[in-house]
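Engineer: For reference, the chains in residue letters:
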Amino acid sequence: MQYFTGSLQRELMHLRNDKGDLFLTVAMLPLLCAFIWWIFSAGQPDSLPVAIIDQDQTATSREFIRLTNAAPGIELQHGFNSQSAAVDALRKRGVYAVLLVPAQFERDIYTGSPAEVVLMLNSQYSTYASTIERHVSGAALTAGVGIGANRLQMLGMFGEQSLTMAMPISVIATPLFNEGPNYEVFLAATLIPALFQILAMILAVSAVGRELRDGTALDWLHTSGGSLALALGAKLLPPILVINGYAAIIVWFFQHVAPDSYSGNGLSIWLSFVLMNITAMAVGILILAVTRNFRMGLSLAGFYSAPAFAYSGQAFPLISMPDAAQYWASILPLTHWLKIYNQLWMAGAPITEVMDSVKVLAAMLTVAGLFGYLLLKHYAFKPESWGAR
Amino acid sequence: MTIWKHSLLTWRAIFKDKGAMLLLFGAGLVYSFFYPLPYHYEQVQSVPTILVDQDNSTSSRTLSRMLHASPYLDIRQAHNDAGVIQEALWHGDVMAMIIVPSGFHINLLAGRTAELQVASHGGYLLAGSKALMNVTEVAMTMGAGITLQKAQSMGANPQQATDSLQPLVLETRALYNPNDGYGHSIVPAVMVLIIQQTLLIGVTLLLGKKTELGQLPKGSNAYLGMLLTFSIIALLNTLYFFAVAIRIQQYAHLGEFLSLLVFAIVFCVCIAAFALLLGRIFKTRERGLQLLLITSVPMLFVSGYSWPAESLPDLLYYARWILPTTSGIHGFVGITQLGASLADVALELKMLLCLAILMIAAGLISYRQQN
Numbered sequence: 001m002q003y004f005t006g007s008l009q010r011e012l013m014h015l016r017n018d019k020g021d022l023f024l025t026v027a028m029l030p031l032l033c034a035f036i037w038w039i040f041s042a043g044q045p046d047s048l049p050v051a052i053i054d055q056d057q058t059a060t061s062r063e064f065i066r067l068t069n070a071a072p073g074i075e076l077q078h079g080f081n082s083q084s085a086a087v088d089a090l091r092k093r094g095v096y097a098v099l100l101v102p103a104q105f106e107r108d109i110y111t112g113s114p115a116e117v118v119l120m121l122n123s124q125y126s127t128y129a130s131t132i133e134r135h136v137s138g139a140a141l142t143a144g145v146g147i148g149a150n151r152l153q154m155l156g157m158f159g160e161q162s163l164t165m166a167m168p169i170s171v172i173a174t175p176l177f178n179e180g181p182n183y184e185v186f187l188a189a190t191l192i193p194a195l196f197q198i199l200a201m202i203l204a205v206s207a208v209g210r211e212l213r214d215g216t217a218l219d220w221l222h223t224s225g226g227s228l229a230l231a232l233g234a235k236l237l238p239p240i241l242v243i244n245g246y247a248a249i250i251v252w253f254f255q256h257v258a259p260d261s262y263s264g265n266g267l268s269i270w271l272s273f274v275l276m277n278i279t280a281m282a283v284g285i286l287i288l289a290v291t292r293n294f295r296m297g298l299s300l301a302g303f304y305s306a307p308a309f310a311y312s313g314q315a316f317p318l319i320s321m322p323d324a325a326q327y328w329a330s331i332l333p334l335t336h337w338l339k340i341y342n343q344l345w346m347a348g349a350p351i352t353e354v355m356d357s358v359k360v361l362a363a364m365l366t367v368a369g370l371f372g373y374l375l376l377k378h379y380a381f382k383p384e385s386w387g388a389r
Numbered sequence: 390m391t392i393w394k395h396s397l398l399t400w401r402a403i404f405k406d407k408g409a410m411l412l413l414f415g416a417g418l419v420y421s422f423f424y425p426l427p428y429h430y431e432q433v434q435s436v437p438t439i440l441v442d443q444d445n446s447t448s449s450r451t452l453s454r455m456l457h458a459s460p461y462l463d464i465r466q467a468h469n470d471a472g473v474i475q476e477a478l479w480h481g482d483v484m485a486m487i488i489v490p491s492g493f494h495i496n497l498l499a500g501r502t503a504e505l506q507v508a509s510h511g512g513y514l515l516a517g518s519k520a521l522m523n524v525t526e527v528a529m530t531m532g533a534g535i536t537l538q539k540a541q542s543m544g545a546n547p548q549q550a551t552d553s554l555q556p557l558v559l560e561t562r563a564l565y566n567p568n569d570g571y572g573h574s575i576v577p578a579v580m581v582l583i584i585q586q587t588l589l590i591g592v593t594l595l596l597g598k599k600t601e602l603g604q605l606p607k608g609s610n611a612y613l614g615m616l617l618t619f620s621i622i623a624l625l626n627t628l629y630f631f632a633v634a635i636r637i638q639q640y641a642h643l644g645e646f647l648s649l650l651v652f653a654i655v656f657c658v659c660i661a662a663f664a665l666l667l668g669r670i671f672k673t674r675e676r677g678l679q680l681l682l683i684t685s686v687p688m689l690f691v692s693g694y695s696w697p698a699e700s701l702p703d704l705l706y707y708a709r710w711i712l713p714t715t716s717g718i719h720g721f722v723g724i725t726q727l728g729a730s731l732a733d734v735a736l737e738l739k740m741l742l743c744l745a746i747l748m749i750a751a752g753l754i755s756y757r758q759q760n
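If you're matching them up, the sequences are chains A and B in order.
Per our numbering, residue 1 is the first one in the first sequence, and the count goes up by one each step.
Per our numbering, residue 390 is the first one in the second sequence, and the count goes up by one each step.
Please note: incorrect hints may appear among the correct ones.
To be verified - Straight line, CA to CA, 30 Å or less: simulated DSS-like cross-link-like pairs of lysine-lysine:
id: 1; chain 1: A; residue 1: 377; chain 2: B; residue 2: 607
id: 2; chain 1: A; residue 1: 382; chain 2: B; residue 2: 394
id: 3; chain 1: B; residue 1: 394; chain 2: B; residue 2: 598
id: 4; chain 1: B; residue 1: 405; chain 2: B; residue 2: 598
id: 5; chain 1: A; residue 1: 382; chain 2: B; residue 2: 607
id: 6; chain 1: B; residue 1: 672; chain 2: B; residue 2: 394
id: 7; chain 1: B; residue 1: 394; chain 2: B; residue 2: 407
id: 8; chain 1: A; residue 1: 382; chain 2: B; residue 2: 739
id: 9; chain 1: B; residue 1: 599; chain 2: B; residue 2: 394
id: 10; chain 1: B; residue 1: 607; chain 2: B; residue 2: 405
id: 11; chain 1: B; residue 1: 599; chain 2: B; residue 2: 539
id: 12; chain 1: B; residue 1: 598; chain 2: B; residue 2: 407
id: 13; chain 1: B; residue 1: 672; chain 2: A; residue 2: 19
id: 14; chain 1: A; residue 1: 382; chain 2: B; residue 2: 599
id: 15; chain 1: A; residue 1: 19; chain 2: B; residue 2: 607
id: 16; chain 1: B; residue 1: 598; chain 2: A; residue 2: 19
id: 17; chain 1: A; residue 1: 359; chain 2: A; residue 2: 19
id: 18; chain 1: B; residue 1: 599; chain 2: A; residue 2: 19
id: 19; chain 1: B; residue 1: 407; chain 2: A; residue 2: 19
Stated by the list, open to error - Not close to chain B: a few residues of chain A, all C-beta gaps over 10 Å, as computed:
id: 20; residue: 2
id: 21; residue: 9
id: 22; residue: 81
id: 23; residue: 84
id: 24; residue: 170
id: 25; residue: 252
id: 26; residue: 350
id: 27; residue: 373
In case anyone wonders, no lab produced these hints; they're calculated from the structure.
Where is the CB? At the ideal position from N, CA and C, for every residue including glycine.
Starting from the given sequences, assemble the full structure and let the hints guide the process.
Structural biologist: Here is the structure:
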């Protein structure tokens, strides 16, 4: 215990003296998490600019435009004289879609021909495009059913009956576990753990890496009475406490910001979050033990963790990735934690449902921790492992 | 010493530093293949969807056949056991669920609206919306067939009946990314981030060591010499990404090369000046690696590309331009993906020029102060 306290004090003393490391350990994560939440605080994309060209200029076209304008996600912008002016604005990103109501719109509707409206989307800006398309096609569907019902009435059908006949099957969309869709839940709450994984690895690599860089590994070991297990425990305790303390705040925060989106138990999700953080740290230690070079360890930890969100399957489903990408995803703690997040926290599944993912994380922790420990024990305390930059 | 001499010395220092070499030249090359890999197929191919047929009728079976034929849905038939369905959703084996409620067939026969429920896992937005879109399409096709039959049975002639089917057609044209490719959309933006971040980290790695040794070059010539070298390195990476890697990945490359080159030069000078400022702030070799790795994700989302700028809080809407990546992402995507001219990306170009001037001025002061 005395050795553990001594080693811990040595670590705390370092943090007190090294303002950069202190900032990294204590301040970086809350700042970035608050920033991410702030970015997505609107919850849903809103007021996306769409150019409207009304070549028909009739009461019917204006009615259609009014209906489209009522959709909350888009903001119609008038004043485009020609299609080419609107496409120019599209390329300049002043608008992200062009909605064109052609000249014979009203005539087509009254003569019973199919009336066409054209929506040109800047699909390179995919969030813009999909949001705009969703809103405009919703408006067009509503307008279409209305027109269809009118035509059927002209064939002699009654009001209610005609509406049913124009749309005999209606699809009711029920988003499970995330009403909205709310991007605070979809992106902010899942990007933040990706930041935790990156920082957990950086902190673990940094804590041990600097002892090798500075050639102080032996001093570190002696302070801990010669026990590497004790030395590692004391060294990693401050970052483990800080990171997992922040993890608890994050879980509490999202459960309160979007209570309808989370049906799972906060404590269970926090415990799994702790497991992911510690596993990421163990992988960090393993990477450092293999490279025995602080700079190289950080570079590899960055390569492993920085693109992890792209591979995690949260934004782009794992099943749609090539096999190689799926294999890479499977060695990232974040992938398994996000599965737990979706199952346990969002879908409210019982803990038995997520045991497979928990076991994978535990296995990664054990393997990375054990090999990291053995490699460090074998190599880290020899002078030839010190000083590499 | 002249600017050229300082520039040359910087090149030599880089070639002698394995770590800096790896970050300034190797990392970009590796990431140019590694980052697009998960999006190789570009689209969500088939969403695993569970079909719960509570009606078990001729109509529901017709619907089931049509759903099975839909290319983007991987339909798995389920019995009406709520436990099995819940388990599948919990387990993440399926991402969407279609429920054909009992009474579906009777409602259709009786001329009432038959409802069809589509529930998708809100955690998987992309897959969920894909499933919803396809089910709606199938429902509309089936519905159109029913409307057609009924209209004809009421005595409408075939043309009249057909006209009542789709009175309003929304023709959607996807410009610039015609297949709605996910990688096609996201990767060019991420390329800008990779160019900036590898440069910032590589430069701070090199200069951090010099600072530790008390050998950080001093004076305006030294500053401008380093600026020149780092700008050239950034430019080489940028041209590799937007002239070579983008073709290897088979993304669009529409803009004129001259526009790309001019924009790239301004962007690269700007990020090189940014890197030199950080090099003055970070006092150790590894500090840049420690602090900058984690900032890439927020930089991407605050740029107003993946997450619409119009939905950012007001302060961030304006403040996002402080980061060169914001102008860089919109400018490079504009030129290479939308075929924009320099005039079309004038805003981004002006922002980068202002940033570059400010950062070079700050850099000159900061590097001169050491004398």
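Engineer: Give a verdict on every hint.
Structural biologist: For each hint, the structure was consulted:
1. A/377 - B/607: violated, 43 Å
2. A/382 - B/394: Answer violated: residue 382 of chain A to residue 394 of chain B is near 41 Å, above 30 Å.
3. B/394 - B/598: holds, 20 Å
4. B/405 - B/598: Holds, because 13 Å separates the two Cα atoms, which is no more than 30 Å.
5. A/382 - B/607: violated, 38 Å
6. B/672 - B/394: Measuring from Cα to Cα gives roughly 25 Å; hence the hint holds.
7. B/394 - B/407: Judged against 30 Å, a Cα distance of about 22 Å means the pair holds.
8. A/382 - B/739: violated, 55 Å
9. B/599 - B/394: holds, 17 Å
10. B/607 - B/405: holds, 20 Å
11. B/599 - B/539: Violated, at about 83 Å.
12. B/598 - B/407: Given pair residue 598 of chain B, residue 407 of chain B holds - Cα atoms ~13 Å apart, limit 30 Å.
13. B/672 - A/19: Holds - the C-alpha atoms of residue 19 of chain A and residue 672 of chain B are around 11 Å apart, at most 30 Å.
14. A/382 - B/599: Judged against 30 Å, a Cα distance of about 27 Å means the pair holds.
15. A/19 - B/607: Since the Cα atoms of residue 19 of chain A and residue 607 of chain B sit roughly 25 Å apart, the hinted pair holds (cutoff 30 Å).
16. B/598 - A/19: Within the cut-off at roughly 18 Å; holds.
17. A/359 - A/19: violated, 38 Å
18. B/599 - A/19: Holds, at roughly 20 Å.
19. B/407 - A/19: holds, 28 Å
20. 2: Non-interface label on residue 2 of chain A holds, nearest chain B Cβ at 31 Å vs cutoff 10 Å.
21. 9: About 23 Å separates residue 9 of chain A from the closest Cβ of chain B, which puts it past 10 Å; holds.
22. 81: holds, 19 Å
23. 84: Check passes; 13 Å lies beyond 10 Å.
24. 170: violated, 5 Å
25. 252: holds, 20 Å
26. 350: violated, 8 Å
27. 373: holds, 23 Å
Figure legend: structure checked against the earlier numbered hints; hints not met, in rising order: 1, 2, 5, 8, 11, 17, 24 and 26.
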